[in-house]
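Chemist: So the chains spell out like this:
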Amino acid sequence: MTAVTIFAVLDLLGTFVFGLSGAMVAIRRQLDLFGIMVLATATGVVGGTIRDILLGDTPPAVLQNLVPLAVTCAAGLCGFFFFSLIDRLNRPVMLLDAVGLGVFAVAGCQKALVFGLELPGAVLLGMISAVGGGVVRDVMAAEVPRVLHEEVYALAALAGALTYGLGLRAGLPGTYAASGAILLAFVLRVASVRFGWRLPRAPGGPR
Amino acid sequence: MTAVTIFAVLDLLGTFVFGLSGAMVAIRRQLDLFGIMVLATATGVVGGTIRDILLGDTPPAVLQNLVPLAVTCAAGLCGFFFFSLIDRLNRPVMLLDAVGLGVFAVAGCQKALVFGLELPGAVLLGMISAVGGGVVRDVMAAEVPRVLHEEVYALAALAGALTYGLGLRAGLPGTYAASGAILLAFVLRVASVRFGWRLPRAPGGPR
Amino acid sequence: MTAVTIFAVLDLLGTFVFGLSGAMVAIRRQLDLFGIMVLATATGVVGGTIRDILLGDTPPAVLQNLVPLAVTCAAGLCGFFFFSLIDRLNRPVMLLDAVGLGVFAVAGCQKALVFGLELPGAVLLGMISAVGGGVVRDVMAAEVPRVLHEEVYALAALAGALTYGLGLRAGLPGTYAASGAILLAFVLRVASVRFGWRLPRAPGGPR
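Chains as they are written, first to last, in full-length UniProt numbering: chain A, 1 to 207; chain B, 1 to 207; chain C, 1 to 207.
Because the hints were derived from the structure by calculation, they are not lab data.
Certain hints may be false.
As a list, the in silico DSS-like pairs of lysine-lysine whose alpha-carbon atoms are at most 30 Å apart [unchecked claim]:
id	chain 1	residue 1	chain 2	residue 2
1	B	111	A	111
2	B	111	C	111
3	A	111	C	111
Restraint-style ranges between C-beta atoms, simulated for each label pair [claimed, not checked]:
id	chain 1	residue 1	chain 2	residue 2	range
4	C	88	A	187	40 to 48 Å
5	B	88	C	169	40 to 48 Å
6	B	89	C	56	49 to 57 Å
7	A	171	C	5	37 to 45 Å
8	B	200	C	198	56 to 64 Å
9	B	88	A	203	48 to 56 Å
10	A	200	B	88	30 to 38 Å
11	C	85	A	171	43 to 51 Å
12	A	13	B	65	42 to 50 Å
13	C	77	B	191	53 to 61 Å
14	B	91	A	203	50 to 58 Å
15	B	170	A	13	33 to 41 Å
16	B	170	C	114	41 to 49 Å
Cβ coordinates follow ideal geometry from the N, Cα and C atoms, glycine included.
Between the sequences and the hints, there should be enough to build the whole structure, so can you do that?
Modeler: Structural data, given as C-alpha cells:
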C-alpha cells in the first residue's frame with residue numbers, strides 16, 4: 001500500500017515537472033496564459049494518453065480523472081508566475097524531469113504487462129509513455145523534438161523500462177524492480193547531462 | 001427531429017468551414033491540388049476522429065460515412081478556385097469558423113456524455129474536438145498551432161462545451177442547451193476578434 | 001501460402017525502405033544514433049500503427065511482434081554506416097520506396113475490409129497507412145510533410161488501394177488484385193518522378 005502511494009506521488013510529480021517543462025517552452029515562445037496551460041497539459045498527459053490509446057484502454061485516464069489535469073494546470077500557473085525564477089533553477093528542474101522520465105517509463109511498462117504485452121513491446125511502450133509528451137510539446141512549438149537530438153534521454157527511459165521488466169521476470173518484488181529501474185533511468189539521464197555524454201552521429205553525414 | 005436536422009446541418013457547415021481554413025493555409029503554402037485536399041480534409045475531420053479514438057469508438061465516423069469527406073473535398077475545391085475571393089472575405093470565413101467551433105465543442109461534449117464520461121472529461125473532449133483539426137493543420141504546415149497563440153479561441157470552445165454540459169445537468173432540453181452553448185462560443189470568439197481581447201503573457205517571460 | 005509469403009516479404013521490404021528514408025532525414029538533420037533509430041522506426045511502423053488504432057485493433061502489431069522493429073533498426077544502422085553511399089543511390093531508394101508505398105496501401109485496404117469497412121473507407125485507410133509514416137517523419141523533422149507538396153505520392157497510394165478494392169469486388173483472386181494494385185501504384189509513382197508530373201496549384205494563390 002505504501003509502495004502504491006509512493007508510486008502515485010512520483011507519478012504526479014512526474015506529471016507536474018513535465019507540465020512545467022511544457023509551460024517554460026510556451027513562455028519562451030511568448031504564448032499567452034491559455035497557450036501555456038494547453039502546452040503544459042499536453043506535455044504532462046499526452047505520454048500516458050498515447051499509452052492508453054495503444055493499449056486500447058479508452059477513454060484514457062486524463063478524461064476520467066481530474067487530478068492529472070489539475071496538476072498540469074498548477075504547473076502552467078507556476079511557470080506563468082515564476083518564469084524567471086524557474087529559468088535560473090534549470091538544474092533542479094532537470095533533476096525532477098529525470099525522476100519523471102523514470103517513473104513514466106516504469107508505469108508504462110507495468111501497465112503494458114498488465115494488458116498482456118510481451119516484454120519487448122512493454123519496454124517499448126514504457127519508453128513511448130516517457131518521451132511522448134515531450135515530443136508533442138516540441139512538435140507543437142514547431143521544433144525538432146529534443147528527444148531526437150538530445151543526449152541520452154529516450155535511452156535512459158528505455159533502460160529504466162527494460163530494467164523493470166527484467167527485474168519482474170527475475171522474480172523481484174514490483175517495488176524493488178520499480179525503484180531500481182527509476183533510479184537507473186535517473187542516474188543515466190543526470191550523468192549524461194553532467195558529463196555531456198553524446199551518442200555518435202553518422203560518419204558520412206553533414207557536419 | 002428538426003433539432004437533429006439543424007444540428008447535422010451545422011455540423012456539416014462546421015466541417016466545411018474548417019476544411020476551407022485548411023485549404024487556405026495549404027494554398028498560402030503553395031501546395032498543389034492534392035495537398036490542398038489533404039489539408040482541408042485533415043482540418044475538417046481530424047478533430048472528430050481524435051474524439052472517436054479517445055472514446056474508443058473505432059473505426060471513426062470519417063471511415064464509415066462519405067459525407068464529411070465529400071464536404072471537405074468540396075471545401076478544398078472552393079479554396080482552389082476562389083482563393084483570392086475568399087481571402088478578401090476574411091470576415092465571413094471567421095464568422096462561419098466561429099459557428100463551427102461552437103458546434104464541434106457541443107457535439108464532442110455530447111458524444112462524450114453518451115459514452116459515459118463525467119462532465120469535466122466531456123467538456124475537455126468537446127474542446128479537443130473543436131480545436132484538434134486546426135492543431136493538425138498548423139503542425140502539418142510546420143507552424144506553431146494558432147490555438148496556442150491566438151486570442152480567445154480554445155477558451156471559447158471550452159466555454160461552449162461547459163455551458164452545454166451544465167445546461168443539461170440543470171435539466172434544460174438538449175436543443176436549448178446546445179443552442180445557448182453554440183451562441184456563447186460564437187459570441188465569445190467573434191467579440192475576442194472584434195475587440196482584440198488577449199490573455200496575459202507571463203510577467204517574467206521574454207518580450 | 002506462397003502469395004502470403006511474398007506479401008509478407010514485400011511488407012518487410014516496405015518497412016525497411018520507409019525506415020531507411022527516416023534514417024536519411026535524421027542524418028541530414030544531424031541527429032545522433034538514437035535519433036536516427038527513432039525516426040527510422042517511426043517512419044517504418046507509424047503508418048501501420050495509425051491503421052491499427054483507427055480500426056480499434058489494439059495493441060498494434062508493432063508492440064506484439066519484434067520483427068518490424070528489428071527491420072527498422074537495421075534500416076537505421078544501414079543509414080548510419082552507409083549514408084553517403086545511399087545518398088548517391090537516390091534512384092534505387094526511390095524505386096524501393098515506391099514498392100513500399102503500393103504494398104502498404106494494399107495491406108491497409110485489405111485489413112480495413114477484413115474489419116468490415118466499406119470500400120471508400122477502406123481505400124482511404126489504405127492511403128493513410130501508406131503515407132502516415134512519412135508524415136510523422138517530416139513533422140518530427142519540423143518540415144512540411146513531403147506528401148503535401150510532392151508530385152503524385154499519396155495519389156499513387158490512393159490509386160493502388162482503390163484498384164485493389166475494386167479488383168476484389170470484381171471477383172479477382174486476392175493475389176491478382178494485390179499484384180496489379182501494387183504495380184499500378186509503383187508505376188504511377190515512378191512515372192511521376194521520372195516525368196516530373198505535378199498537380200496544379202491554386203490559380204489565385206501566391207507564387
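Chemist: Please go over all the hints and tell whether each is borne out by the structure.
Modeler: Results of checking the hints against the structure:
Taking the CA atoms of residue 111 of chain B and residue 111 of chain A, the gap is near 27 Å; set against the 30 Å cutoff, the hint holds. Taking the CA atoms of residue 111 of chain B and residue 111 of chain C, the gap is about 27 Å. The hint holds against a cut of 30 Å. A distance of roughly 27 Å separates the Cα atoms of residue 111 of chain A and residue 111 of chain C; the hinted pair therefore holds under the 30 Å criterion. The given range of 40 to 48 Å is respected by residue 88 of chain C and residue 187 of chain A, whose C-beta atoms sit roughly 42 Å from each other.
Separated by about 45 Å at the C-beta atoms, residue 88 of chain B and residue 169 of chain C satisfy the suggested range of 40 to 48 Å. The supplied range of 49 to 57 Å is broken by residue 89 of chain B and residue 56 of chain C, whose beta-carbon atoms lie about 40 Å from each other. The supplied range of 37 to 45 Å is met by residue 171 of chain A and residue 5 of chain C, whose beta-carbon atoms lie about 40 Å from each other. Range check, residue 200 of chain B to residue 198 of chain C: Cβ separation about 46 Å, and the 56 to 64 Å hint is violated.
Checking the proposed 48 to 56 Å range against residue 88 of chain B and residue 203 of chain A shows it holds: the Cβ atoms sit about 54 Å from each other. A C-beta distance of roughly 54 Å is found between residue 200 of chain A and residue 88 of chain B, which places it outside the suggested range of 30 to 38 Å. One distance hint, 43 to 51 Å for the beta-carbon pair residue 85 of chain C and residue 171 of chain A, holds here, with the actual separation near 47 Å. Between residue 13 of chain A and residue 65 of chain B the beta carbons are some 44 Å apart, a value that agrees with the proposed interval 42 to 50 Å.
Evaluation of the 53 to 61 Å hint for residue 77 of chain C and residue 191 of chain B yields a pass: the beta carbon distance comes to about 57 Å. A hinted range of 50 to 58 Å for the beta carbons of residue 91 of chain B and residue 203 of chain A is consistent with their spacing of about 56 Å. Residue 170 of chain B and residue 13 of chain A have their C-beta atoms about 38 Å apart, which keeps the hinted 33 to 41 Å range intact. Between residue 170 of chain B and residue 114 of chain C the beta carbon distance is about 46 Å. The supplied range of 41 to 49 Å therefore holds.
Of the hints listed earlier, those the structure fails to meet are numbers 6, 8, 10, in rising order.
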